[in-house]
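From first to last, the protein sequence lines are chains S and A.
Position 138 (the first sequence) corresponds to 138 in this note's numbering; numbering is contiguous.
Heads up, this note's numbering is the position in the second sequence plus 197, with the first residue counted as 1.
Just so you know, the hints here were simulated from the structure itself, not pulled from any lab data.
Check each hint, because a few of them may be wrong.
Beta-carbon label-pair distances, calculated as ranges [as the list claims (entries may be wrong)]:
hint : chain 1 : residue 1 : chain 2 : residue 2 : range
1    : S       : K193      : A       : K309      : 26 to 36 Å
2    : A       : L215      : S       : T128      : 38 to 48 Å
3    : A       : L219      : S       : G104      : 50 to 60 Å
4    : S       : G76       : A       : H222      : 38 to 48 Å
5    : S       : G21       : A       : P211      : 49 to 59 Å
Cut-off 25 Å, straight-line C-alpha distance, at most; resulting in silico cross-link-like pairs (SDA-like, lysine to any residue) [what the hints assert, rightly or not]:
hint : chain 1 : residue 1 : chain 2 : residue 2
6    : S       : K127      : A       : L277
7    : A       : K245      : S       : I45
8    : A       : K309      : S       : Y158
9    : A       : K309      : S       : G66
10   : S       : K126      : A       : K371
11   : S       : K28       : A       : L201
12   : S       : K116      : S       : Q161
13   : A       : K309      : S       : K116
14   : A       : K371      : A       : G312
15   : A       : K227      : A       : I244
16   : A       : K309      : S       : F50
17   : S       : K116      : S       : H86
18   : A       : K309      : S       : Q161
19   : A       : K245      : S       : R186
20   : A       : K245      : S       : S120
21   : S       : K116      : A       : V228
Listing some non-contacts, in silico: residues in chain A with all C-beta distances to chain S over 12 Å [claimed, not checked]:
hint : residue
22   : V226
23   : S274
24   : P275
25   : V276
26   : N278
27   : A284
28   : L287
29   : P288
30   : G312
31   : D314
32   : I368
Computed from a prediction, not measured in an experiment: that's the story for all the values here.
We put the CB at the ideal spot given by N, CA and C, even for glycine.
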Amino acid sequence: MVNYVWLGMMICGILVAAFNGRVEVVTKAALEGAQTGVNTAIDLIAIITFWLGIMKLAEKAGIVQGLATLMRPVTGMLFPSVPRDHPAMGAIIMNISANILGLGNAATPMGLIAMKELQSLQQHDKKTASDAMCTFLALNTSCITLIPTTIIGIRLIYGSQDPTSIVGTTIFATACGMSMGILADRILRGLYKRQGR
Amino acid sequence: MFSLVSEVSRWAIPVVLLLVPLAAHARGVKVFETFVEGAEDGFNTAIKTIPYLVAMLVAISVFRASGAMNVLVSVLSPVLNLVGVPAEVLPHAVMRPLSGGAALGISTDIIKNHGPDSFIGQLVSTMQGTSDTTFYVLTLYFGSVGITRYRYSVISGLIADFTTLAASVYIAHKVFG
Chain S
1 MVNYVWLGMM ICGILVAAFN GRVEVVTKAA LEGAQTGVNT AIDLIAIITF WLGIMKLAEK
61 AGIVQGLATL MRPVTGMLFP SVPRDHPAMG AIIMNISANI LGLGNAATPM GLIAMKELQS
121 LQQHDKKTAS DAMCTFLALN TSCITLIPTT IIGIRLIYGS QDPTSIVGTT IFATACGMSM
181 GILADRILRG LYKRQGR
Chain A
198 MFSLVSEVSR WAIPVVLLLV PLAAHARGVK VFETFVEGAE DGFNTAIKTI PYLVAMLVAI
258 SVFRASGAMN VLVSVLSPVL NLVGVPAEVL PHAVMRPLSG GAALGISTDI IKNHGPDSFI
318 GQLVSTMQGT SDTTFYVLTL YFGSVGITRY RYSVISGLIA DFTTLAASVY IAHKVFG
């Protein structure tokens, strides 16, 4: 799937640029995209290093496992393939909590830790996403946000009388999206299983 | 309710940074050494994502700069119009799953031109506040552990994005319409 999306974007992009008679923008855009990718990764070094340190402490202190045990009724239902008290559960819970609170800087490293733990559960095929990874990403990409801080800031800059008026609508919309994400994940997992993919 | 939530957000990280080392110390963990031991992997984890991010962002960048993005918007317009999405916010709706920075740029522009408290402004604010940049999250998270076969993740991510969009339009009509 991702192969088709990638190929589609490249081919359509180059063809449209050629058709519009400005094929040279492709070269510039490609290099800019590459630069953004590297910059993003470099920016991540600091926050990932920092949070990996804190998470190691949390793990050694038993906090990660404690969280995993506490949230077992919910996570057990969402991630049936992950052992009940596995550290992956703790990292998943911390990632989702950070997402809900709108703490993007903390959410990403915790998500990457969760992915590493989920990857350690894969025995054979380390290149293919596991069921639990797909569910985790479905949760993550559509997660409920309680406070969309960035957009509130922009509304304030442009003179809104009530910058936080959109908090309620945002919570409603994200709750719908997250429920649908979980449902879609469940249905697609069944479909793919049946086809043996 | 809002002030409570924003207070919690303000305190969450400092409290975690206070409690975690304290709890570790109470369990007899050597806090400094353990922190360093965990942090060791940080550089490699971040660097490992570079090829994945570059691959995805090059494609998105070419797609956008070439004008193919605008073609996609005009193709999808009739479909999105059926669910009541106003034409002004269409570029944002299409851009949201692909590029967080570009989507933010579009919503800022709309808010500037229509005013933050207009219907269009409130709608695009809601759309910006919801859902993450699906392709970025997929690329980054899968890339960090070397996954190249995403299976159905792209489909479920896009279904969730579309639901969030439809729900944003619905609730904005109810509340601000």
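Okay, the hints, checked on the actual structure:
Take K193 (chain S) and K309 (chain A): their Cβ atoms lie about 48 Å apart, and the range 26 to 36 Å is violated. Against the hinted window of 38 to 48 Å, the Cβ-Cβ separation of L215 (chain A) and T128 (chain S) comes to about 40 Å, which satisfies the hint. At roughly 26 Å, the beta-carbon separation of L219 (chain A) and G104 (chain S) lies outside the given 50 to 60 Å, and the hint is violated. In this structure, G76 (chain S) and H222 (chain A) break the distance hint of 38 to 48 Å, their C-beta atoms being roughly 31 Å apart.
Checking the proposed 49 to 59 Å range against G21 (chain S) and P211 (chain A) shows it holds: the Cβ atoms sit about 56 Å from each other. Proposed proximity of K127 (chain S) and L277 (chain A) is contradicted: the alpha carbons are some 35 Å apart, above 25 Å. Between K245 (chain A) and I45 (chain S) the alpha-carbon distance is near 10 Å, which keeps this suggested pair within the 25 Å criterion. A threshold of 25 Å between alpha carbons decides the hint, and for K309 (chain A) with Y158 (chain S) the separation of about 6 Å falls inside it, so the pair holds.
Of the pairs offered as hints, the one joining K309 (chain A) and G66 (chain S) is violated, with about 47 Å between alpha carbons and a cut-off of 25 Å exceeded. The straight-line distance between the Cα atoms of K126 (chain S) and K371 (chain A) is roughly 47 Å, outside the 25 Å bound, and the hint therefore fails. Only pairs whose Cα atoms come within 25 Å are accepted, and K28 (chain S) paired with L201 (chain A) is rejected, the gap being roughly 47 Å. At most 25 Å may separate the alpha-carbon atoms for a hinted pair to count; K116 (chain S) and Q161 (chain S) exceed this at roughly 45 Å.
This hinted pair does not check out: K309 (chain A) and K116 (chain S) have alpha carbons roughly 42 Å apart, beyond 25 Å. With a C-alpha separation of about 19 Å, the suggested pair K371 (chain A) and G312 (chain A) falls inside the 25 Å cut-off, and the hint holds. A hinted pair counts as satisfied when its Cα atoms are at most 25 Å apart, and K227 (chain A) with I244 (chain A) does not qualify at roughly 28 Å. Proximity of K309 (chain A) to F50 (chain S) is assessed by CA-CA distance (about 37 Å); at most 25 Å being required, the pair is judged violated.
Note on K116 (chain S) and H86 (chain S): the hinted pairing holds, with a Cα-Cα distance of about 12 Å set against a maximum of 25 Å. The hinted pair formed by K309 (chain A) and Q161 (chain S) meets the criterion: a straight-line CA distance of about 14 Å does not exceed 25 Å. With a CA separation close to 30 Å, the supplied pair K245 (chain A) and R186 (chain S) exceeds the 25 Å bound. As the CA atoms of K245 (chain A) and S120 (chain S) are separated by approximately 17 Å, the hinted pair is consistent with the 25 Å bound.
For the hint linking K116 (chain S) to V228 (chain A), the alpha-carbon distance of about 22 Å falls within 25 Å, and the restraint holds. The Cβ of V226 (chain A) does not lie farther than 12 Å from every Cβ of chain S; its closest approach is about 4 Å, which violates its non-interface assignment. With 12 Å as the threshold on Cβ separation, the claim that S274 (chain A) sits away from chain S holds: the shortest Cβ distance comes to roughly 17 Å. The non-interface label for P275 (chain A) is consistent with chain S: the shortest C-beta to C-beta separation is roughly 19 Å, beyond 12 Å.
Taking the minimum C-beta to C-beta distance to chain S, about 17 Å, the non-interface status of V276 (chain A) holds against the 12 Å cut. Even its closest Cβ contact with chain S, about 19 Å, leaves N278 (chain A) beyond 12 Å, as expected for a residue assigned away from the interface. The beta carbon of A284 (chain A) is kept farther than 12 Å from every beta carbon of chain S, the shortest such distance being approximately 20 Å. With a least beta-carbon separation of about 17 Å from chain S, L287 (chain A) lies farther than 12 Å from that chain, consistent with its non-interface assignment.
With a minimum CB-CB distance of about 15 Å to chain S, P288 (chain A) clears the 12 Å threshold, and the non-interface call stands. Non-interface call for G312 (chain A) relative to chain S: violated, since the shortest CB-CB distance, roughly 7 Å, does not exceed 12 Å. For D314 (chain A), the non-interface assignment is contradicted: its Cβ lies about 6 Å from the closest Cβ of chain S, within the 12 Å cut-off. With a least CB separation of 5 Å from chain S, I368 (chain A) falls inside the 12 Å interface cut-off, contrary to its annotation.
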